[in-house]
Amino acid sequence: MNDTVKKPAKKKVELDPRFAGYKGVWVFIENERGQVHPVSWELLGEGRKLADALGVELAGVVMGPPGERLAAICQEAFAYGADLCYLASHPALADYRNEPYTQGLTALVNAYQPEILMLGASTLGRDLAGSVATTLGTGLVADCTELVIEADTRNLASTRPTFGGSLLCTIMTQRHRPQMATVRPRVMAMPEADPARNGRIVEHPLAFVEDAIVTKVLEFIADDTRDKPNLPFADIIVAGGRGLKRPENFQLVWELAKVLGAEVGASRPVVQAGWAELDRQVGQSGKTVRPKLYIAAGISGAIQHRVGMDGADVIIAINNDPNAPIFDFAHFGIVGNAMQILPALTHAFSAHLAQARKAG
Amino acid sequence: MHSVVCIKQVPDSAQIRVHPVTNTIMRQGVPAIVNPYDLFALEEALRLKDQLGGTVTVLSMGPPMAEAALRKCLAFGADDAILVSDRAFAGSDTLATSFALAATIRKIQENMPVDLIFTGKQTIDGDTAQVGPGIAKRLDFQLLTYASKIVAVSPAEKRITVERRAEGGVQVLETRLPCLITMLEGTNEMRFGDMADLFRAARTPVKVWDREAAGIDDPGSVGLKGSPTVVSKVFAPKPRAKRAEIVETADNDPAGLAVTLLAKVFTQHPKLDRELTKTVG
Chain A
845 MNDTVKKPAK KKVELDPRFA GYKGVWVFIE NERGQVHPVS WELLGEGRKL ADALGVELAG
905 VVMGPPGERL AAICQEAFAY GADLCYLASH PALADYRNEP YTQGLTALVN AYQPEILMLG
965 ASTLGRDLAG SVATTLGTGL VADCTELVIE ADTRNLASTR PTFGGSLLCT IMTQRHRPQM
1025 ATVRPRVMAM PEADPARNGR IVEHPLAFVE DAIVTKVLEF IADDTRDKPN LPFADIIVAG
1085 GRGLKRPENF QLVWELAKVL GAEVGASRPV VQAGWAELDR QVGQSGKTVR PKLYIAAGIS
1145 GAIQHRVGMD GADVIIAINN DPNAPIFDFA HFGIVGNAMQ ILPALTHAFS AHLAQARKAG
Chain B
371 MHSVVCIKQV PDSAQIRVHP VTNTIMRQGV PAIVNPYDLF ALEEALRLKD QLGGTVTVLS
431 MGPPMAEAAL RKCLAFGADD AILVSDRAFA GSDTLATSFA LAATIRKIQE NMPVDLIFTG
491 KQTIDGDTAQ VGPGIAKRLD FQLLTYASKI VAVSPAEKRI TVERRAEGGV QVLETRLPCL
551 ITMLEGTNEM RFGDMADLFR AARTPVKVWD REAAGIDDPG SVGLKGSPTV VSKVFAPKPR
611 AKRAEIVETA DNDPAGLAVT LLAKVFTQHP KLDRELTKTV G
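The listed protein sequences derive, respectively, from chains A and B.
Okay, so the first sequence: first residue is 845 according to the numbering used here, each after it adds one.
Okay, so the second sequence: first residue is 371 according to the numbering used here, each after it adds one.
If you are wondering where the hints come from, they were derived from the structure by calculation, not from laboratory data.
Hints may contain errors.
[Unchecked claim] Far from chain A, by Cβ distances over 10 Å, these chain B residues were calculated:
| # | residue |
| --- | --- |
| 1 | Thr425 |
| 2 | Asn558 |
| 3 | Gly563 |
[Stated by the list, open to error] Facing chain A, according to a computed beta carbon distance under 10 Å, are these residues of chain B, among others:
| # | residue |
| --- | --- |
| 4 | Glu480 |
| 5 | Gly496 |
| 6 | Gln500 |
| 7 | Leu513 |
| 8 | Glu533 |
| 9 | Lys577 |
| 10 | Ser597 |
| 11 | Phe636 |
Using N, Cα and C, we set each Cβ at its ideal position, and we do this for glycine too.
Just need the whole structure built from these sequences, with the hints factored in.
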């Protein structure tokens, strides 16, 4: 019914002896058409900490069609902290499809037996993680925001937001292995790449044949990314909320964003009201962002919103309610009318930048 | 065409509050609704029925009060509703939930073969997106997640073509029936049930099946026993140690506030200033 409302576990639960030999931390390196999803590198950064806490190796799992690209991805994985990579190539893995990827990843887990397996909570990662966990009959925790090894049991404690982000819960998989977790893009920090790091590649043959795979990809229609907002990777975001009162006032957010070369974000209520597109929604049910600067105008800072932007380096909040929760976690605040403060900020930032240009 | 739509009754998350002292969820008075994502799944199933005829069965696992959510779906136009409800299910995680729902669908298939299973992309309370894939794997159905459009269905040839939202684009996939589809939000708009539907819904009983009726022999495969994950702690997020530095001026004039704010931000974060001037300036 719900994985979040159980009574807290009290007694210590022993690991099923079948899984005693499971060792090592794995990160699924998501790549499509040769492009690695950055969440995989973020997970290697996190995986490194877990592997070091356990005193075990960190492995990347690289799957895809045969070709030189996969070996290059393994090298990149070493740079981001992997000690080794399991490489499984097969022509049927050219495009992502649930069936061959589930079979392939399940086969790798059964062959090499990791204790922890992490995937990005992307559309691909969620599709694959749920399928692999069910096939293996093990526990999977989605959208983790914190992963810690319990010192006494060596179990993974996975913390995630629940009930739309109003609460956090810590979930354990005590009896089964691997312990699986997904993490949304930008929740973990991007590690520094060290190109001098190296590792070993373990190639694993996959036995399936294309004819036995039922689902076929007829076509792939790439997104037109030219005008598509990419909030998770934006350096600066100006976001607006219900405090802007009317849809036409949202234009003030756009004007400040234009001066800063920023992306425009929005809270859930204004996306639901149709003031901004769904791709711009920041929060638990939208995007997780990690910009260097986040300006929140007329956003109260409900926990649903906070979990999506808490990782910003600098948060500036404008709200007319001095008790708005956003002031509890923003770094700087102005208590005032966002409709007046936004144009003033637009003007002040323009003047500052113009001066810097003159000086530079 | 026989479609089974899996739905969940959820608390309206927009109205959930956390008790400031005890840090527990205050459920009292929070209205229960049909998980909004599931309505896109139901509407898609009803559209297929409009086109091709057939039956739409709505299925939910939950406490007895979840019957209200199934009633709502009947009023929208579903033909049949089944609630699997048993104390043995309490505490089920996503793996145990998919076990119970898959078993129930096998039972449904004994009366009428199932061509399609629909679910929403995820729920708004758990947000895991794991139960749909779990059901598909357990039933050995093909799995199509994040479907944005059903392009074509041929019940005679047992084929279906859908568009699926993937990373960086849309995949057009063709597969065999039966299959399980999780529908993306915003793909359609839920209809209002007409008067005939409302009257029919009022007359249609929601079937309530317990564990045994759902064909689950071993109580250990569901509930807490059947769940590999255990919630060890539930807590409210910690407030940040320091509150925001509130910028004020003598008259709090917007222009003055803005200039003062910038000066403060850039003095404390000179790197941000340099990066900003480099990229924009």
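So, going through the hints one by one against the coordinates:
1. Thr425: holds, 24 Å
2. Asn558: Label holds. Min Cβ-Cβ 15 Å, cutoff 10 Å.
3. Gly563: holds, 23 Å
4. Glu480: violated, 23 Å
5. Gly496: At 6 Å from the nearest chain A Cβ, Gly496 of chain B passes the 10 Å test, so the hint holds.
6. Gln500: It holds, given that the least Cβ distance between Gln500 of chain B and chain A is near 4 Å, below 10 Å.
7. Leu513: holds, 5 Å
8. Glu533: Since chain A brings a Cβ to about 8 Å from Glu533 of chain B, closer than 10 Å, the hint holds.
9. Lys577: violated, 18 Å
10. Ser597: holds, 7 Å
11. Phe636: Since chain A brings a Cβ to about 8 Å from Phe636 of chain B, closer than 10 Å, the hint holds.
Comparing the model with each earlier hint shows violations of hints 4, 9; every other hint is respected.
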